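Those protein sequences? They're chains A and B, same order as listed.
Per our numbering, the very first residue in the first sequence carries number 4; after that it's consecutive.
Per our numbering, the very first residue in the second sequence carries number 4; after that it's consecutive.
Worth flagging that the hints you see were computed from the coordinates, not collected in a lab.
None of these values were measured; they are calculated from a predicted model.
Wrong hints could be hidden among the right ones.
If chains are identical, the list can't say which one is meant, so a pair holds when it fits in one copy or spans any two.
Straight line, CA to CA, 20 Å or less: simulated DMTMM-like cross-link-like pairs of lysine to aspartate or glutamate [said to hold, decoys possible]: (1) Lys-313 / Glu-300; (2) Lys-430 / Asp-370; (3) Lys-567 / Asp-525; (4) Lys-416 / Glu-558; (5) Lys-430 / Asp-378; (6) Lys-430 / Glu-371; (7) Lys-309 / Asp-62; (8) Lys-430 / Asp-253; (9) Lys-142 / Asp-275; (10) Lys-407 / Glu-292; (11) Lys-129 / Asp-509; (12) Lys-433 / Asp-378; (13) Lys-129 / Glu-437.
Number of protein chains: 2
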Amino acid sequence: MAMPDSNSRTNLPRSTKTSRSSARRRGGRRKSAARRLRLIPLGGLGEIGKNMMALESGDDIVVIDAGLMFPGEDLLGVDLLIPDFTFLFENRDRVRGVVVTHGHEDHIGALPYLLQSLDVPVYASKLSARLIAIEVKQKSAKAKLDVREVTAGERITLGSLSIEFFAVCHSIPDAMGLIIHTPLGTVVHTGDFKLDHTPVIGQPTDLHSLALLGTRQVLLLMSDSTYVELPGYTPSERTVAESLERIISDAPGRVIVATFSSLVGRIQQVLDIAAKSKRSVLITGRSMEAIVKVASEAGYLRIPPKTLGKFEKIHNLPHDRVVILTTGTQGEPTSALVRMANREHPQVRIVPGDTVIMSATPIPGNDELVSRTIDNLFQLGANVVYGSMSRVHVHGHGSEEELKTILNLVRPKYFVPIHGEYRHLAKHAKLAAEMGVSLENIFVLRNGDVLELTETKGKVVGKVAAGGIVASGPMTGALDLNMLRDRRLLSRDGVVVVTVVFSAEDGMLIDEPLIVSKGFVDTRSNGEMIRGAQKAVLAAIGEGRHAPGDRARVETQAREALSKYFYSRTHRRPVVIPVIVGL
Amino acid sequence: MAMPDSNSRTNLPRSTKTSRSSARRRGGRRKSAARRLRLIPLGGLGEIGKNMMALESGDDIVVIDAGLMFPGEDLLGVDLLIPDFTFLFENRDRVRGVVVTHGHEDHIGALPYLLQSLDVPVYASKLSARLIAIEVKQKSAKAKLDVREVTAGERITLGSLSIEFFAVCHSIPDAMGLIIHTPLGTVVHTGDFKLDHTPVIGQPTDLHSLALLGTRQVLLLMSDSTYVELPGYTPSERTVAESLERIISDAPGRVIVATFSSLVGRIQQVLDIAAKSKRSVLITGRSMEAIVKVASEAGYLRIPPKTLGKFEKIHNLPHDRVVILTTGTQGEPTSALVRMANREHPQVRIVPGDTVIMSATPIPGNDELVSRTIDNLFQLGANVVYGSMSRVHVHGHGSEEELKTILNLVRPKYFVPIHGEYRHLAKHAKLAAEMGVSLENIFVLRNGDVLELTETKGKVVGKVAAGGIVASGPMTGALDLNMLRDRRLLSRDGVVVVTVVFSAEDGMLIDEPLIVSKGFVDTRSNGEMIRGAQKAVLAAIGEGRHAPGDRARVETQAREALSKYFYSRTHRRPVVIPVIVGL
Chain A
4 MAMPDSNSRT
14 NLPRSTKTSR
24 SSARRRGGRR
34 KSAARRLRLI
44 PLGGLGEIGK
54 NMMALESGDD
64 IVVIDAGLMF
74 PGEDLLGVDL
84 LIPDFTFLFE
94 NRDRVRGVVV
104 THGHEDHIGA
114 LPYLLQSLDV
124 PVYASKLSAR
134 LIAIEVKQKS
144 AKAKLDVREV
154 TAGERITLGS
164 LSIEFFAVCH
174 SIPDAMGLII
184 HTPLGTVVHT
194 GDFKLDHTPV
204 IGQPTDLHSL
214 ALLGTRQVLL
224 LMSDSTYVEL
234 PGYTPSERTV
244 AESLERIISD
254 APGRVIVATF
264 SSLVGRIQQV
274 LDIAAKSKRS
284 VLITGRSMEA
294 IVKVASEAGY
304 LRIPPKTLGK
314 FEKIHNLPHD
324 RVVILTTGTQ
334 GEPTSALVRM
344 ANREHPQVRI
354 VPGDTVIMSA
364 TPIPGNDELV
374 SRTIDNLFQL
384 GANVVYGSMS
394 RVHVHGHGSE
404 EELKTILNLV
414 RPKYFVPIHG
424 EYRHLAKHAK
434 LAAEMGVSLE
444 NIFVLRNGDV
454 LELTETKGKV
464 VGKVAAGGIV
474 ASGPMTGALD
484 LNMLRDRRLL
494 SRDGVVVVTV
504 VFSAEDGMLI
514 DEPLIVSKGF
524 VDTRSNGEMI
534 RGAQKAVLAA
544 IGEGRHAPGD
554 RARVETQARE
564 ALSKYFYSRT
574 HRRPVVIPVI
584 VGL
Chain B
4 MAMPDSNSRT
14 NLPRSTKTSR
24 SSARRRGGRR
34 KSAARRLRLI
44 PLGGLGEIGK
54 NMMALESGDD
64 IVVIDAGLMF
74 PGEDLLGVDL
84 LIPDFTFLFE
94 NRDRVRGVVV
104 THGHEDHIGA
114 LPYLLQSLDV
124 PVYASKLSAR
134 LIAIEVKQKS
144 AKAKLDVREV
154 TAGERITLGS
164 LSIEFFAVCH
174 SIPDAMGLII
184 HTPLGTVVHT
194 GDFKLDHTPV
204 IGQPTDLHSL
214 ALLGTRQVLL
224 LMSDSTYVEL
234 PGYTPSERTV
244 AESLERIISD
254 APGRVIVATF
264 SSLVGRIQQV
274 LDIAAKSKRS
284 VLITGRSMEA
294 IVKVASEAGY
304 LRIPPKTLGK
314 FEKIHNLPHD
324 RVVILTTGTQ
334 GEPTSALVRM
344 ANREHPQVRI
354 VPGDTVIMSA
364 TPIPGNDELV
374 SRTIDNLFQL
384 GANVVYGSMS
394 RVHVHGHGSE
404 EELKTILNLV
414 RPKYFVPIHG
424 EYRHLAKHAK
434 LAAEMGVSLE
444 NIFVLRNGDV
454 LELTETKGKV
464 VGKVAAGGIV
474 ASGPMTGALD
484 LNMLRDRRLL
494 SRDGVVVVTV
504 VFSAEDGMLI
514 DEPLIVSKGF
524 VDTRSNGEMI
534 RGAQKAVLAA
544 IGEGRHAPGD
554 RARVETQARE
564 ALSKYFYSRT
574 HRRPVVIPVI
584 VGL
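Please build the complete structure, drawing on both the sequences and the hints.
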């Protein structure tokens, strides 16, 4: 359960190692390097290439993003996963830097862990850089952060690679895509993007640069697949304004707007509408307070004069002069909105006349928590505005036609769909084929796959370690599947501990077996069943003399006897832990 | 943990009891009864009035449906919930019968449990009756089933109530709504319905009967709220045919169609299209096999000649001559489709060229399982057709305009939205108000609420027990919140058992504390931490002599010391179970 480091066992593909050393032996490294480029999504579980990628050109490795993964419900008790850094640590002398596309946690959240053991510069836009600094400060005292601000249009050189950043529009300001000039050719990485021509903050996606590139041969395009399933175009952030303005100005009482804290464009719109309708905006929730501070200091958020109010003075304001801005759109139990819904928020008690706007959609997996929050708010008398029909949210990724636009402008030789579950990548791959990319030049990768490209062809040549690593408080460690299996069993039917005590002197049983349970049945109100369980254990282990060597046998007998007995009585299978004393 | 029965403590509202006895005392029972009607949704957790309702008119109680609830993810280890029958058992001499609207499990699945202790007739349509017989046979040897088949248009008398059944169209054939004539007036209960004018099997919803009723005064309408959030009309089942036919006839290889087993109309369409495109249909999965047998025997499903093939002969058929019909659209781990996706199906191995049609939408809460299944199928090379854009599914509930149509035709005095989460009921209530029902005559109930209606007004006059009851193998019992809390804790960080053994003779500690864990850290590879834990326990309990009265104190000391120690070391909080021997 230790941080993987350069001493840990390698999972590198044979091909990578041998080609390196043989290249050295031949002394022809640069030349051979120029003829191949390697791409390795390192994200771990879930979406492919979402959280971290490595691009290897000869002697140089550039890391694109280093983000967290959010584990699904089946990873019981696992709060955070980070990518497996083994490949990077194994090749630490060749890693030239990390380039960051935008400041969402699933793209920057693993940096505090990575930078603990890898001393490389991080290139990021102004807002991303500030968010990275906060992340690193919160999570790791040991990480050495050397973050270098870059702006769209700027070009940096990392070894044999030259990287140009271009503006993309996403659900956080200051997002960028990458144009990477390699000895083999030009690589375009879109980052997360949509083609919003009228974003509320920042520039639209820089189609011009991409169009110019398309007139020359682009070697490889990697493009965001998240919303490939949606036909048409994603609406502009500005389309939300109309609904928000109508709802806020019509509301008879307070309006509570819940959204993602990183959706700074949405926050801007709420501030502007509130100012227009002469309402004060009160901000609740730590992450929302933090982002408003950072984004306004960095010049992204323009707070209209006299609009921000102080939460302590909320009781002095008439209800129809108040907008409360909060997080909690995903039903997160500790968020301000959920605390309001559960009547646990210290300052806000929901009353009839309140309007709650859910300015976000539930991320898959959160639906039940979100539904419950909405239900609870309705039960307290609030009018809750939610769902796609209410037009109070647009998402941050390009839909099918936008993805086609990019493919059409860039016209790459090779195509690798990124950022999505396997089905999204498969669909995006199909789209690329329809748009004219040759089938044999399209690669749907899995995390850990090593894709090697030459001028003439591409091939997956190996696999590196890319499992999710559990980050839990101060410890990190590989996902322990046995532990997860035990937790799953414990969560279904609880645990029964049976203690059997033998006399150290004569090996005879002392007293009845002791049976304690948690999460199974209430042992106090099921005395008859517990007595039956004690009898079953006694019958299984026998009442005679036992010797120290019998311990393992007695353990097995007690466990099996109890499992069988409880299943016959309850049709449940609690985890049985036998504790044998005196043998 | 026993079945609630007539001896269990009552939760009846004071008003119900007193009004009954005072009515008897006055000898004016019938007359006073005629002046009031009571409605009690008894469904337990989740949707309101979905699973079971009681209608009480004077001396007579009629039960509408008796279904299962499917517990959410937060009810760890709870597979099935049934409604709390306490109210019915307390009033068993007045329960005249159960009327069933349709044969879905969430409307009939609790009958085996109810009929174990309540000997009343059940009225149901032919298909529903056969499904009920199967349910009861599978789940309860003790239940006495007296099921009486009724058809749409038929009228039965239960005490002072006369009940007319009318045809409704839903995602299972032979569904019915209820027109209940009571001394106080007429009550309409829609059941689950949509207004499909061209259903594939059976009759469209009987708007004519409802329209006629609307010309007289209807006292109360209870109407399905499930899809109130969807604007417009739900498309007809027939609209699915076009997409299915196109996909099946274009498919280069096998087509695997997954749908709900109770969606007999969909099964009919698949059979018809397969016959037309000269493909054999092979059926896999127990519930799918069972429904095809029952529905064809009962005359609902018309199997085209020579269309059904035998699974054993699947390897003799060319791939483009095969359709496989299966369940598994919800990602259920034991379903045939998921076993195919996981390469665990004994007869079907997915290969490139296979087409899988997901002819259903994920029920909220199942999204992750469904996504994973689709991903796995794609990875095996199948083309998976899914999602609303593919038009291979329509659902079985009326959308907003259909709900308005019913309100407009029936024009009730009182309105109670049923079947939905609180937010759906709130929205349906708003719709009813917009359609002209007086606000004070609209009641958004919670399960257990006792709504009393008179000619002039309605009021919630009390509350009866309506919590979900856990049905688990042979045992049923109230939801134990402490047990669920323990399971949640166990599922997050596992369990640690610490055994401390004292000498019975001198009260001195024998040996080091013994520490065993499950689902926490691997105790074998963390010897140093375990030794630290032993030391922490020793320091807390002290090494001196202990007397029998010290047991509780030692338990607490050991638990607290270990919790604190493990939190400081791992930032995790395993459940600590202390076992003290010899005190």
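So, going through the hints one by one against the coordinates:
1. Lys-313 / Glu-300: Cα proximity of Lys-313 and Glu-300: one copy only (18 Å, versus 71 Å across).
2. Lys-430 / Asp-370: Classified as between; 19 Å across copies, 24 Å inside a copy.
3. Lys-567 / Asp-525: The answer is within: 18 Å in one copy meets 20 Å, while 26 Å across copies does not.
4. Lys-416 / Glu-558: neither (63 Å within a copy, 69 Å between copies)
5. Lys-430 / Asp-378: between (35 Å within a copy, 11 Å between copies)
6. Lys-430 / Glu-371: between (28 Å within a copy, 19 Å between copies)
7. Lys-309 / Asp-62: neither (55 Å within a copy, 66 Å between copies)
8. Lys-430 / Asp-253: Between copies, since 18 Å is at most 20 Å while 42 Å is not.
9. Lys-142 / Asp-275: Answer is neither: 34 Å inside a copy and 61 Å across each miss the 20 Å cutoff.
10. Lys-407 / Glu-292: For Lys-407 and Glu-292, neither the intra-copy (38 Å) nor the inter-copy (44 Å) Cα distance is at most 20 Å.
11. Lys-129 / Asp-509: neither (75 Å within a copy, 71 Å between copies)
12. Lys-433 / Asp-378: Answer is between: at 15 Å across copies they meet the 20 Å cutoff, but 40 Å inside does not.
13. Lys-129 / Glu-437: neither (38 Å within a copy, 51 Å between copies)
The structure is inconsistent with the numbered hints 4, 7, 9, 10, 11 and 13, although it conforms to all the rest.
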